[in-house]
Amino acid sequence: MTPLLSTHGLIAGYGDMRALHGIDLTVNSGETVALIGANGAGKSTLLRAIMGLLPVAPEMIRLDGQPVGGRAPHRMVREGLAIVPEGRRLFTGMSVEENLRVASEHAAKPVAEPWTLERVFALFPILREKARTPVENLSGGQQQMVSIGRGLLAQPRILLCDEISLGLAPKVVREIYAALPEITANGTALVLVEQDVGLAQRASHRLYCLLEGRVTLHGTSGEISRDAISAAYFGASHALD
Amino acid sequence: MHWIDGIVQGVLLGGLYAQYALGMALMFGVMKIVNVTHGDLVVLLALIGISLANVAGLGPWAVLATLVPIGAALGWLLQRALLNRVVGNDPLPSLIATFGLSIALQNAMLVIWSADTRSLSGGGIQQASISLGPIFVGVLPLIVLICATLLTGGLDLTMRRTRFGRSLRAASADVEAAAMVGVNPRNVYAAATAIAVGILGFAATFQAMRSTVAPADGPFQLIFAFEAVIIGGLGSIWGAFAGAMILGISQAIGFRISPGFGILAGHLVFLAVLAIRPQGIFQRRA
Chain F
1 MTPLLSTHGL IAGYGDMRAL HGIDLTVNSG ETVALIGANG AGKSTLLRAI
51 MGLLPVAPEM IRLDGQPVGG RAPHRMVREG LAIVPEGRRL FTGMSVEENL
101 RVASEHAAKP VAEPWTLERV FALFPILREK ARTPVENLSG GQQQMVSIGR
151 GLLAQPRILL CDEISLGLAP KVVREIYAAL PEITANGTAL VLVEQDVGLA
201 QRASHRLYCL LEGRVTLHGT SGEISRDAIS AAYFGASHAL D
Chain U
1 MHWIDGIVQG VLLGGLYAQY ALGMALMFGV MKIVNVTHGD LVVLLALIGI
51 SLANVAGLGP WAVLATLVPI GAALGWLLQR ALLNRVVGND PLPSLIATFG
101 LSIALQNAML VIWSADTRSL SGGGIQQASI SLGPIFVGVL PLIVLICATL
151 LTGGLDLTMR RTRFGRSLRA ASADVEAAAM VGVNPRNVYA AATAIAVGIL
201 GFAATFQAMR STVAPADGPF QLIFAFEAVI IGGLGSIWGA FAGAMILGIS
251 QAIGFRISPG FGILAGHLVF LAVLAIRPQG IFQRRA
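Protein sequences appear in the order of chains F and U. Residues 1 to 241, numbered by UniProt numbering, are exactly what the first sequence covers, in order. Residues 1 to 286, numbered by UniProt numbering, are exactly what the second sequence covers, in order.
Chain F extracted, bound-state conformation:
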């Protein structure tokens, strides 16, 4: 079976600095895949490269088996990719509703049941109350909800989520993670970059551990032992201690 998304020896970086040294990753329809790893392991770089924000060779990224690497981000959106970027990156000076509408007005053609403003408000009811509020006046958790909603309204087949729990209170993190099954219910795949390894393991079907730009471990989330993860996370030499 052809995976929905796959990377093949993906190499990417910033200028002369190479951050990824040949990443092979697959994501299937409806699946939640977690990416874990220490700071600087290349998780965000991997998401940015997939989204078209970094130059890569066409063959390195495939959607439905077709090479799409190196296309501009707005074309990746047409192909069914969306990202909830690190740091949320909302459009300041615009209301919650306007932020969401920019996404829905440039969305990919929806595959299954389309995401609407109404569905996003049902998923995160607080956003309905704040619809006319400028996004810069929201709390961090509410901003993250807008960012996720914006990603969903792009009608993605694959939603890339970069550290959506970062800097949020545990209660808000639980609230946001509780919304994820609703997102995958109609076949949307999720790729989660997550600092909290336990959370990543619970929320995903499969996980990949990155270390210094290489995959050091991958497998079914429920079957991987803590020891294997810490060996992959810190490198083999640390695990022997």
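It is possible that part of the hints are untrue.
To be verified - Straight line, CA to CA, 20 Å or less: simulated SDA-like cross-link-like pairs of lysine to any residue:
hint: 1; chain 1: U; residue 1: 32; chain 2: F; residue 2: 92
hint: 2; chain 1: U; residue 1: 32; chain 2: F; residue 2: 89
hint: 3; chain 1: U; residue 1: 32; chain 2: F; residue 2: 93
hint: 4; chain 1: F; residue 1: 109; chain 2: U; residue 2: 184
hint: 5; chain 1: F; residue 1: 109; chain 2: F; residue 2: 183
hint: 6; chain 1: F; residue 1: 130; chain 2: U; residue 2: 160
hint: 7; chain 1: F; residue 1: 109; chain 2: U; residue 2: 164
hint: 8; chain 1: F; residue 1: 130; chain 2: U; residue 2: 32
hint: 9; chain 1: F; residue 1: 171; chain 2: F; residue 2: 122
hint: 10; chain 1: F; residue 1: 109; chain 2: U; residue 2: 163
The set of hints was computed from the structure by calculation and includes no laboratory data. Just so you know, these numbers come straight off a predicted model, no measurement behind them.
Fit chain U to the given chain F structure using the hints.
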């Protein structure tokens, strides 16, 4: 009465400056580009309009209706061919590129049209005036002011209420994030510059009707646009309109004090705003 007349004439003059300033405010607001060719484009469009009137026998309103789409096409081309390559976080490359283009444009216009001053015949409308009580108001300046107000209102509504306006504002807030939700920044930028230069079609027609134009006039028009935008607050649409009014009133009152003092009075008000409130009068935050 002397002073009220000065203020009224200033507001009318401000209408013309607003047409210069709108496009500059739009381009700066969306792309952080200070387009140095702005004034030269007014002159280029005006000269094209005058030639069209002479060669094809177009009347002033037909010239206006032709110059706006020509301006929009020029703006689109300018963005696609040049500015999209130099736009970015660093304002210097676009400043240098448009500065170079400005010099090239002035010299190209000199080759085509020579250094003569020309103007566009308005068929008597330039001399027409109506009296509002004791004050006489020129019909042409009044039309200019009404056009400027409608253009400003229309642009502001477009920015706030349309899909295109939202994508412009999104790209202005965070262009990479806008691309991540499917906005094609190059298209949005090209459309913004097309609108900015299209509006100059109005400015060019009215400038050629009320006064004269010559190939080297561009930098003066640029300075007025620039000052209006700075006074109002960089990137704000109604701010640019208000800035143009303040500039127009300052110049008109300066002229009343002494005919040589008018332009200088505008510059002094501009410098005073820069010194006291550098973010502009209508900008909320610095």
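Which numbered conditions among the earlier hints are violated in the structure presented, ordered from lowest to highest? Of the numbered hints, just 8 does not hold.
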